[in-house]
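K.L.:
What follows is the residue order along each chain.
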Amino acid sequence: MMKQKWRIGAGWVLLLAVIIQAGCGHPSQSVLDPAGPAGRSQLGLIYLSTGIMTLVVIVVAAIYIYVVYRFRERPGEEEIPEQVEGSRKLEVLWTVIPIILLVILAVPTISATFTLNKKPEPEQSMRVNVVGFQYWWGFEYPDLGVQTANEVHIPTGTQVDFQMTSGDVIHAFWAPSLGGKQDLNPGIQNRLVLEADRPGVYEGRCTELCGASHALMNFRVIAHPPEEFEEWVASMRNPSSQPQTPLASEGKKLVSQNCIGCHAIDGAGFEIKGRTGPNLTAFGKRTRIAGVWENNKENLEAWLKDPQVVKPGNRMPAFDHLSKKEISALVEYLSDLK
Amino acid sequence: MATIIILIVFGLFLAAILTGGYNKKYLERVQQNWLWEWITTVDHKKIGVLYLTAGGFFFTVGGLEALLIRLQLMFPDNRFIVGDQYNQLMSMHGTTMIFLVALPLLFGLMNVIVPLQIGARDVAFPFLNSLGFWLYFSGGLLLNLSWLFGGAPDAGWTSYATLALNEFSPGPGVNYYVLGLQIAGIGTLISGINFLVTIINMRAPGMSYLRMPLFTWTTFVTSALILFAFPPLTAGLFMMMFERLFDTNFFTTHGGGNVTIWQHIFWIFGHPEVYILVLPAFGVFSEVISTFSRKRLFGYNSMVFAVVLIGFLGFMVWVHHMFTVGLGPVANTIFAVATMAIAVPTGIKVFNWLATMWGGSLRFTTAMLYAAGFIVMFVIGGVTGVMLGVVPADWQFHDTYFVVAHFHYVIIGGTLLGILAGVYYWWPKIFGRMLSEKWGRWNFWFFYPGVHLTFFPQHFLGLYGMPRRVFTYPSGYGLELNNLLSSLGTILMTIGLLFFLYNAVWSLTKGPRAESDPWDGRTLEWAISSPPPEYNFAQLPKIRSLDPWWAEKREGNRGMQPAEPLGPIHMPSSTYLPFVMAIGFFISGIGFVFHSVRVGVLGLLIVIVTLFIRSFQEDEGFHIHPEEEVKGT
Amino acid sequence: MDMLLKPFLQPGMYHIGMNAMALALGTAYLWITGPKRRAIPESAPVSNRQKALFMTGLCLCYLALGSPINLIGDELFSVHMFQQSLLYLIMPPLILLGIPDWLYRWGFDQVKGVWRGLFTLWSRPLLSLLVFNGLFSLYHVPRVFDTIMGSAFYHALSHGLLTLSAFLMWWPVTAPLPEQERLSPLRKMAYICAAGVLLTPACALIIFADHLLFTSYSGGERLFPILSPRDDQQMGGVIMKILQEAVYGVALAGVFFQWVRREKRNETYGIPTDHPSPSTTGEANWNPPSVNRPGEEKGG
Amino acid sequence: MRIEEETSTVAGLPAEPEKATLEGKNKILGFWLFIAAETTLFATMFGTYLALKGESLAGPTPGELYSLPMVAAATLILLTSSLTSVLAIMAMHRNDAPGMIRWFGITILLGVAFLGLEAYEFYEYVHEGHTFTSSAFGSSFYLLLGTHGSHVLYGVFWILALMIQGRQRGITVQTAPKFYVASLYWHFVDVVWVFIFTVVYLMGMME
Ligand code: HEA
Ligand code: HEA
Ligand code: CUA
Ligand SMILES: [Cu+2]
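Here the protein sequences come in this chain order: C, B, W and G.
Start counting the first sequence at 73; every next residue gets the next number (my numbering).
Start counting the second sequence at 5; every next residue gets the next number (my numbering).
Start counting the third sequence at 7; every next residue gets the next number (my numbering).
Start counting the fourth sequence at 75; every next residue gets the next number (my numbering).
Hints are not guaranteed to be accurate.
[Stated by the list, open to error] Dumping the calculated BS3-like pairs for lysine-lysine here, alpha-carbon to alpha-carbon at most 25 Å:
no.: 1; chain 1: W; residue 1: 270; chain 2: B; residue 2: 557
no.: 2; chain 1: C; residue 1: 325; chain 2: C; residue 2: 396
no.: 3; chain 1: W; residue 1: 270; chain 2: C; residue 2: 161
no.: 4; chain 1: C; residue 1: 190; chain 2: C; residue 2: 325
no.: 5; chain 1: C; residue 1: 161; chain 2: C; residue 2: 191
no.: 6; chain 1: C; residue 1: 357; chain 2: C; residue 2: 325
Please keep in mind that the hints were generated in silico from the structure rather than gathered at the bench.
Use the sequences and the hints to build the structure in full.
P.N.:
Structure below.
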């Protein structure tokens with residue numbers, strides 16, 4: 073039982089410090105590595121509460137270790153200990169001290185809750201509509217006329233007003249580095265205001281159990297400096313969606329036959345704009361396929377042949393009836409979408 | 005329907021053949037069979053043992069599910085159990101542990117001990133007691149049958165609406181969840197009422213409320229919580245059932261329903277439920293710590309009051325599970341403050357336990373080891389709970405492994421350690437044999453570090469961005485080491501529990517006989533033989549103080565003073581009706597699971613018919629004459 | 007914000023009638039418990055604590071009804087709810103506890119006949135509980151609420167009725183007269199918990215409503231701009247709920263520790279006594295051992 | 075228990091036969107607790123109804139649907155049946171078994187009448203397009219009223235069974251608690267109806 077002293081005291085703090093280092097080099101997914109005001113304010117509260125709680129645990133552990141050490145039964149001890157009824161003073165003490173600690177914790181909690189819930193000014197913020205579907209994310213910039221999926225681009229230094237809802241079951245939107253999460257409820261609009269203060273790629277995850285591939289319902293928030301973001305918007309408004317090679321033309325034809333019932337590709341001249349699958353405009357620029365796999369040709373091929381292997385239970389049918397050549401035509405076309 | 009009847013007949017037939025052919029003696033023989041005795045018993049001690057056994061069985065099941073979960077999560081990008089399969093395991097693990105393991109094991113202890121502690125001959129409603137058990141058992145069985153027929157529920161133990169509706173969970177899985185829990189839930193409610201009436205009406209002369217041992221007090225408050233927490237669950241399950249069977253529109257948005265209603269209902273039940281789980285454990289620890297410190301419980305009155313207050317506040321905090329739903333800052337903060345407030349009465353309890361140990365002479369038996377281990381572990385889990393109550397921080401923590409760490413720390417650190425401590429403490433009383441202290445130590449020293457190793461790293465997993473209920477996680481985000489440690493810890497826990505299993509079997513077969521008072525106990529149950537006679541007390545004892553048995557011993561008395569003259573004791577006769585009724589519910593459950601309203605109604609008819617039979621039955625009971633036996637002593 | 011403070015500084019905002027009434031009541035109380043006491047049979051000196059309780063209750067009553075809170079309460083729903091909490095949750099127990107038992111007895115002697123019967127009926131625990139919480143919930147039905155707010159008479163009537171029923175709800179808990187004590191301590195605690203549960207629906211509906219419920223309160227922003235009418239409404243529900251929890255928590259503690267004191271008075275730990283403790287005898291209805299188990303002594 | 079033997083030797087019945095034995099007392103207390111649980115059950119359903127009553131989609135809204143006369147009649151019938159069940163218990167206290175059975179008989183007749191009215195009402199509603207599955211309002215309405223109705227139905231059969239027992243065994247310390255508890259149940263079901271009447275019908279018609 074002596075082990076606990078070490079574990080509770082030093083361990084708590086040490087481990088925290090050590091593993092903050094870990095996970096570097098990858099897009100950030102850690103609460104401990106905030107990249108925006110919301111995340112920072114939440115981390116501040118986490119540190120404050122951890123501090124108070126560590127104190128509590130240390131006090132309890134200290135008394136505990138002393139008691140266990142000091143009052144263990146010695147061999148041959150026969151005497152019956154004094155039967156103490158209680159002590160009003162002590163009991164008041166350990167009622168009042170926790171209350172004080174809790175008040176110290178409650179005040180910043182309340183103020184941060186209200187601050188983080190504040191509506192942003194429409195002029196100074198950018199609105200993005202988020203819709204969650206079983207295992208993928210649809211993003212729409214209503215003021216910019218741009219749609220995308222699974223990867224959302226934002227400018228740094230701007231409050232982004234995510235308005236979210238769900239197309240089927242409940243999902244939750246969580247980009248740990250930027251800030252806490254918010255549920256996407258069908259039939260209800262929710263809001264989450266996030267801001268990135270440095271460019272970078274921030275991992276996001278769905279955190280509400282939503283079915284077989286809940287574990288794989290990932291997205292990325294990609295923060296650009298404002299100028300770069302403008303460029304991105306421009307390229308999205310004017311995507312290069314026409315095939316460049318004969319193989320790709322073949323692919324485009326196949327897409328029009330097989331895919332556009334579910335997927336939309338802006339600027340390619342398709343009449344139909346499917347909405348039951350992710351918008352594939354500029355798909356070639358995505359870093360990942362379906363949020364989980366690195367975006368390269370082999371992976372894309374495998375995905376088209378059998379999406380279920382990658383994401384069990386997802387809503388895209390397998391296209392294994394297409395020939396090898398047809399698949400590579402599709403892949404060619406899709407990877408060229410920029 | 006025909007199939008079921010055929011199956012039943014066939015089963016009886018088989019039983020008849022296996023036991024020596026059907027003839028006139030068959031029924032007689034059945035009635036002398038040990039199984040029959042257990043099926044029809046209304047003795048609270050036997051029902052307690054039934055609860056412990058069934059709970060232990062489901063614990064093994066739930067634990068194996070946990071093992072598989074940890075096996076899958078041991079390494080990143082593992083493909084051992086994926087997708088729906090994983091979700092089934094995870095949902096069944098949670099559901100099993102909460103509904104079929106934790107509470108029933110506690111019920112087992114309560115059933116055996118509470119009547120003894122208050123000096124009663126039995127619980128108030130022996131019939132309902134048996135019914136409660138059989139309903140729980142058939143509900144649990146129904147739930148677990150899902151593994152064999154049609155797939156287990158896979159929408160989490162919370163079974164949030166829309167995911168759990170037909171459209172997104174088309175198989176029978178969630179039907180099993182709804183009906184299994186409905187049946188088990190009715191059983192729980194019945195038991196809750198039974199304990200309340202027992203404690204209010206059946207206390208021995210002189211056993212005033214403020215002389216009741218803490219375990220009885222916590223049972224009392226827990227039962228009151230059950231009384232108000234389970235009906236909302238029942239209502240919610242009804243809605244879910246209609247939604248799935250008859251396409252109603254409580255939760256579907258296109259029918260005008262609202263998805264958050266289920267969440268409110270579930271957590272109005274769910275939060276009190278976690279205190280239902282932990283309060284009895286608090287009771288166990290209060291008894292164990294006081295006994296093995298050889299001191300009276302420090303601050304008895306505030307301990308009692310803290311329990312009441314926790315129960316009271318427990319109903320006011322459910323929204324802390326819904327901070328991310330979007331209910332607005334005002335609602336969130338009020339529930340945050342209420343949540344934090346619960347730390348105060350809980351803290352009072354923790355410090356009072358420490359103060360009880362202070363100045364005592366601590367004897368570290370296995371039960372006491374568990375109690376001592378509990379204090380630190382529960383405080384860690386409790387304070388992370390308070391951290392979860394900090395709304396903005398919870399937006400980060402919610403639905404991550406941080407929460408998983410929190411609740412395993414409190415549930416295992418509180419409830420499970422409480423059950424283990426209670427089992428070690430009362431085992432001699434229940435079974436009349438001693439457990440081995442040596443194997444007990446092995447058990448503890450594997451299990452306890454194992455728990456910390458399993459769940460402590462999970463706090464960090466949450467902070468590094470690992471959501472819960474995921475079947476896999478990518479490498480490269482700092483999640484590997486902690487997951488590996490966590491899985492390794494599980495192995496330690498399992499080994500520890502195997503030692504317990506060995507210990508139990510050893511004790512039941514070879515263990516030394518227990519004396520009536522092996523621990524120098526303080527409360528009434530230690531004043532009678534181990535195991536107690538069927539009627540518990542030949543003469544109802546007269547309670548003359550708090551910790552009555554301790555007080556009498558200090559006075560030099562060798563037994564409690566009787567409050568009545570020796571005389572024949574009236575006992576209720578055993579009955580098979582509860583079992584039949586449970587079968588009725590079970591059949592009805594199966595019917596509804598497979599959308600067969602006819603079978604469903606048939607099952608309910610069986611229930612109603614048995615109810616009426618019961619109503620017309622004149623149960624005379626029988627009398628025991630302990631005079632002859634007792635005179636000698 | 008300014009607008010919110012100003013009323014407190016203007017003398018005109020304080021209700022003269024209420025001022026006078028509170029003063030009169032306070033004086034009457036001091037006079038009766040002071041110089042006039044001897045005129046009342048079986049009277050006994052009143053402790054300062056009791057006097058303080060009564061006076062605090064009176065002050066709160068005045069604060070709720072005579073001070074600018076009353077007027078602001080017509081504009082801001084949250085303040086209205088605060089006012090209600092003062093009137094129904096905090097003031098009644100203080101006043102009830104502040105009145106000495108002999109005064110009650112004397113009062114009871116004056117009241118007879120139907121009124122006495124009405125009181126006996128209405129102060130029955132189950133009824134008093136249901137009446138107060140029923141009226142309270144009814145009051146917050148939007149239609150009803152707006153109607154009441156539209157008429158000064160209904161307004162006063164509803165306040166009066168609710169306050170009266172609040173007093174009666176608190177009566178069984180505070181139980182100032184031993185002979186009128188209807189509930190055992192444990193049942194008092196259950197009563198308090200039940201009261202907490204029964205008050206919840208009204209509060210919850212207000213807190214969780216996603217639109218404005220009460221048209222009477224659509225213009226509160228003037229006074230306190232940071233609070234939008236909906237937030238104001240939510241805040242109202244929250245204030246009521248939090249104060250209720252706090253007050254009921256205190257009440258629970260009060261009842262419990264009073265019980266402990268009474269029960270533990272003549273017990274020494276570890277020494278068995280044959281004194282039956284009060285709770286065994288006090289609860290004859292529910293506690294069979296003292297009724298029908300032979301061999302049990304029945305103490306007074 | 076010993077007390078039973080005592081009372082069976084005494085001529086006649088104790089004043090409150092339902093509370094004469096520990097079993098009887100247990101039963102009554104247990105039943106009160108059961109009622110508390112049922113109250114919570116109904117409260118949850120009321121809450122759901124209140125939350126969903128506005129969601130009638132294309133179907134009729136509460137205001138369009140409800141009509142006072144029939145509901146008022148149903149209320150009256152049920153309240154009367156409460157009264158008759160009180161009379162039955164008073165008869166029981168007088169040790170007047172036939173009287174008790176008679177009053178109980180009237181009680182359940184009124185209960186059946188109530189059920190008939192309710193069935194008729196539902197029938198009308200279904201014709202107007204208000205069904206269990208038509209909308210969230212429909213679902214929550216029928217859940218609440220259906221649960222109440224099935225309680226009445228159960229009560230009818232229960233009291234019927236008790237009447238038979240009363241015939242067979244008369245009023246004893248064993249049967250008295252059952253009668254008493256059944257009448258408690260009946261009152262409870264009535265009180266729930268009063269709430270349904272106010273919350274569902276009156277408030278529905280106001281909107
Ligand atoms: C036995 C079960 C049990 C117990 C006792 C508790 C106890 C507590 N729980 Fe926990 N909880 C669960 C089981 C339990 N919980 C479960 C199963 C879930 C997850 C459900 C799911 O989503 O699947 C959960 C989830 C959960 C959440 C939601 C997290 C989320 O999903 O986002 C929250 C948030 O507030 C919370 C808070 C608390 C608090 C404040 C306590 C308090 O009662 C703790 C009080 C104790 C102490 C604080 C320690 C002792 C006190 C002192 C030594 C005094 C000094 C202390 C201070 C000043 C802080 N719990
Ligand atoms: C009482 C409650 C309880 C208990 C005791 C446990 C015990 C354990 N739990 Fe679990 N757990 C929950 C309640 C509980 N859990 C809940 C409610 C959830 C949430 C579900 C959801 O999200 O919906 C959850 C979820 C959960 C998860 C997260 C899953 C996810 O989100 O994807 C994990 C992962 O590590 C986990 C692990 C474990 C482990 C390793 C144990 C170990 O302690 C298990 C140890 C036990 C054994 C290994 C059994 C060995 C037994 C024997 C060898 C025989 C002994 C025989 C007798 C006693 C007769 N649990
Ligand atoms: Cu979407 Cu999980
Ligand atoms: Cu909780």
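K.L.:
Could you check the structure against the hints above and give me the numbers of any it violates, in ascending order?
P.N.:
Violated hints (numbers, rising): 4, 5; every other hint is consistent with the structure.
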